[in-house]
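> Given next are the chains, with one letter for each unit.
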Amino acid sequence: MLALAFRAGTADLAIAARNIVEVLPRMPLRAPSLAPAAVIGLLPFRGTLTPVVDLCLLVAGRPAATQLGTRIIIVSIGTGAGARLIGLQAEDVSELIDCSVTTRGLHMPEHAWLGDHLAEQPGLPQLVEPAELLPEALIALFTRQPAP
Amino acid sequence: MAQRDSQLASKLSYFVGVFLALFALFAFLAWRTLDQVRVKGPLYEEIILGNVLIADVLPPPQFIIEPFLLTLQLVEETDAAEITRLVDKGNELRIDYENRQEFWKRTLARDTMGDLMTVTSYRAAMEFFRLRDDDFIPAIRANERDRARRVLDQMQQRYDAHRYAIDEVWKLAEQRNLANESKADGLVQSQISTLGILALGIILVVVIMAWFARRAAATLSQRVQLVSDVADRVAQGDLTTEVPSTDDRDETGRLLFAIGAMTLSLRGLVTRVKQASVELMSTATEFAATSRQQESTVQGFGASTNEIAAAVKQIAATSQELLATMEGLNAVSGQTADLAEQGQSGLSSLDSTMDRLAQAANAMSARLGAIREEAAEITGVVTTISKVADQTNLLSINAAIEAEKAGEQGLGFLVLAREIRRLADQTAVATLDIEQMVKQMQTAVSAGVMEIDRFAEEVRSGVGTVDRVGGQFGQIISQVKTLSERFDTVNHGMRSQSQGARQIGEAMGQLLDGARQTSVSLREFNAATESLRDAVSVLKQEIAKFNLGH
Chain D
1 MLALAFRAGT
11 ADLAIAARNI
21 VEVLPRMPLR
31 APSLAPAAVI
41 GLLPFRGTLT
51 PVVDLCLLVA
61 GRPAATQLGT
71 RIIIVSIGTG
81 AGARLIGLQA
91 EDVSELIDCS
101 VTTRGLHMPE
111 HAWLGDHLAE
121 QPGLPQLVEP
131 AELLPEALIA
141 LFTRQPAP
Chain S
149 MAQRDSQLAS
159 KLSYFVGVFL
169 ALFALFAFLA
179 WRTLDQVRVK
189 GPLYEEIILG
199 NVLIADVLPP
209 PQFIIEPFLL
219 TLQLVEETDA
229 AEITRLVDKG
239 NELRIDYENR
249 QEFWKRTLAR
259 DTMGDLMTVT
269 SYRAAMEFFR
279 LRDDDFIPAI
289 RANERDRARR
299 VLDQMQQRYD
309 AHRYAIDEVW
319 KLAEQRNLAN
329 ESKADGLVQS
339 QISTLGILAL
349 GIILVVVIMA
359 WFARRAAATL
369 SQRVQLVSDV
379 ADRVAQGDLT
389 TEVPSTDDRD
399 ETGRLLFAIG
409 AMTLSLRGLV
419 TRVKQASVEL
429 MSTATEFAAT
439 SRQQESTVQG
449 FGASTNEIAA
459 AVKQIAATSQ
469 ELLATMEGLN
479 AVSGQTADLA
489 EQGQSGLSSL
499 DSTMDRLAQA
509 ANAMSARLGA
519 IREEAAEITG
529 VVTTISKVAD
539 QTNLLSINAA
549 IEAEKAGEQG
559 LGFLVLAREI
569 RRLADQTAVA
579 TLDIEQMVKQ
589 MQTAVSAGVM
599 EIDRFAEEVR
609 SGVGTVDRVG
619 GQFGQIISQV
629 KTLSERFDTV
639 NHGMRSQSQG
649 ARQIGEAMGQ
659 LLDGARQTSV
669 SLREFNAATE
679 SLRDAVSVLK
689 QEIAKFNLGH
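Same order as they appear, the protein sequences are chains D and S.
The first sequence begins at 1 in this note's numbering and counts up one residue at a time.
The second sequence begins at 149 in this note's numbering and counts up one residue at a time.
To be clear, the hints were calculated from the coordinates, so they are not data collected in a lab.
Hints may contain errors.
Said to hold, decoys possible - In silico lysine to aspartate or glutamate, EDC-like type, Cα no more than 16 Å apart, as pairs:
#: 1; chain 1: S; residue 1: 629; chain 2: S; residue 2: 489
#: 2; chain 1: S; residue 1: 693; chain 2: S; residue 2: 499
#: 3; chain 1: S; residue 1: 319; chain 2: S; residue 2: 259
#: 4; chain 1: S; residue 1: 535; chain 2: D; residue 2: 92
#: 5; chain 1: S; residue 1: 553; chain 2: D; residue 2: 98
#: 6; chain 1: S; residue 1: 553; chain 2: D; residue 2: 22
Unchecked claim - Coverage of chain S stretches by chain D, computed from C-beta distances (three or more under 8 Å per stretch; other residues unrestricted):
#: 7; stretch: 527-541
#: 8; stretch: 548-557
#: 9; stretch: 562-576
Glycine included, every Cβ here is placed at the ideal spot set by N, Cα and C.
Make the full structure from the sequences, and use the hints.
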């Protein structure tokens, strides 16, 4: 089992490879009008406009550093017809780590998206479920409503 | 008067007495000499006695009695040595006879006595000597006594003839002597009587002369006494004396007249001298006062001149010192000009050096700019490499994710993707290093460029400063040169001033000498005036002695 390690603000995090669609380099994005601050733009990806959320803004309240390590991780949330692709911009996206051994960390109900710690990796990164990561309001924004 | 008269008269009597006494002494001596040396006088008798004595003692050489006696001795003699001695003696006697005969031949007159002496007696004597030497002595030598006696008889006849002649001569000489003696005696007697008459006459003349002289002396003495009295009174200053005139035109009369004239003219002269001496006295006093005043004036003038000369000397000394100082200053300014010129040439060489330095700085700056550009290019390349590495990393991540999704089939691919990702990471790290190094290099180059720029700026400002300093040096040189000319002018002035001061000093010295000489002359003049005054006062005293009768 492999997971993609990254950093958001001061937190070392990881996402399981099976949840990841593709990793894209950082690119200049245009933030959609009136969108929440965390949504930094819409990325055309495989024929659809994929909203991109800056995890650094979301977690630490500051935008991600503009460097090569900062990349956009395309993940898929939801299943079936309600499945959506979402871009997550994070820092230091450059390493795939083994995530077979996990250990339970602190239990914080308000931050349920923070999963188990990868006990064998340096910095004890925490596994993150993308579907739980985003708040409901944001998810709602991204869920395509069927045309009336 | 009587005394002087008696003096003159007694002197005359004394002279006459002495003359007579000396004359009497002379007459006595003359008479005594004549008496003594006259024939038959005492001296004459002594001389005759001496001659008679000699004639009586010596054998007569002109009477051959001794040779005759020798022949008589030889007839009896038998000793050979004695014969030889007697013969020699005979020969000597013959030589003596002949010598004396020569004398008498020259001396005696050719009268009866002379013929008897030099002819008759001589012939008989020569016959005698011939017989003796030719016949008698050979017979004696041959010891023929008889022949010798015969010859001796003949010789005796000759001897007798000779003796007869000699006797005649003796008689004649005796008669002549007696005649001569009586003649000389008469002569002396007559001379003595003449001498006595002469002496009597001389004494008579002298006595008459003494009488006349005594009379003349009495008259002369009287006149001279008169003149002497007048002269005595004149000498005592009494010029009122009247000289008695006389009609005599002889020497004493003229003397009296001259004394009278002299007294008169002396009286006039003394009167005039008296007046003149009074005037002279006042004049001398005025002279003395004036010359004293002049002397004090000249002394004041000399003192003033001295002060002026001292002041001028000081001025000359000061100007000399100033001149020396100016010369020193001139030398210093010349050195300054030289130094400034050297500085200027040094600055021009410094200027060119600075220019070269600025060019070098510019070149260095340009090279550093090139280096910076190169570094920028390197940075671009490194960025590209970084991007490539990043892309590779991304690719490998995506590949790994796909491999993970593929499950068992994707395992090998997963390994490959990991390797690729590792290479990409290393590349990224290397590029990071390179980027770092390039950044450092760029920083260093930037700092170098800044330094060079600053250096170049300093060099530029240095060049400017050098140019400015050079200009200032030029100004200094030109100013120093003008200064030197001014120094020359001032020097010239100083020298002429010093010379002038010296000339003034010399003139002052001459003036001072003149004043001193004038002062000395004035002092001498003063002294002369004093002595004049003294002389005049003495003269006045002397004149006061004269009695002018009014």
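> Determine for every hint whether it applies to the structure shown.
The hints, checked one at a time:
A C-alpha spacing of about 11 Å is found between residue 629(S) and residue 489(S), which places the hinted pair at or below 16 Å, so the restraint holds. A threshold of 16 Å between alpha carbons decides the hint, and for residue 693(S) with residue 499(S) the separation of about 118 Å lies outside it, so the pair is violated. Under the criterion of a C-alpha separation no larger than 16 Å, the hint pairing residue 319(S) with residue 259(S) is consistent with the structure, at around 14 Å. The hinted pair formed by residue 535(S) and residue 92(D) meets the criterion: a straight-line CA distance of about 15 Å does not exceed 16 Å.
For a cut-off of 16 Å, the pair hint linking residue 553(S) to residue 98(D) stands: about 14 Å separates their Cα positions. A hinted pair counts as satisfied when its Cα atoms are at most 16 Å apart, and residue 553(S) with residue 22(D) qualifies at roughly 11 Å. Only when three residues or more bring their CB closer than 8 Å to a CB of chain D does the claim for the stretch 527-541 of chain S stand; here the count is 5, and the claim holds. Coverage of a stretch by a chain is defined here by at least three residues with a beta carbon nearer than 8 Å to that chain's beta carbons; for the stretch 548-557 of chain S and chain D the count is 4, and the condition holds.
Look at the stretch 562-576 of chain S against chain D: 5 of its residues bring a Cβ nearer than 8 Å to a Cβ of that chain, three or more, so the hint holds.
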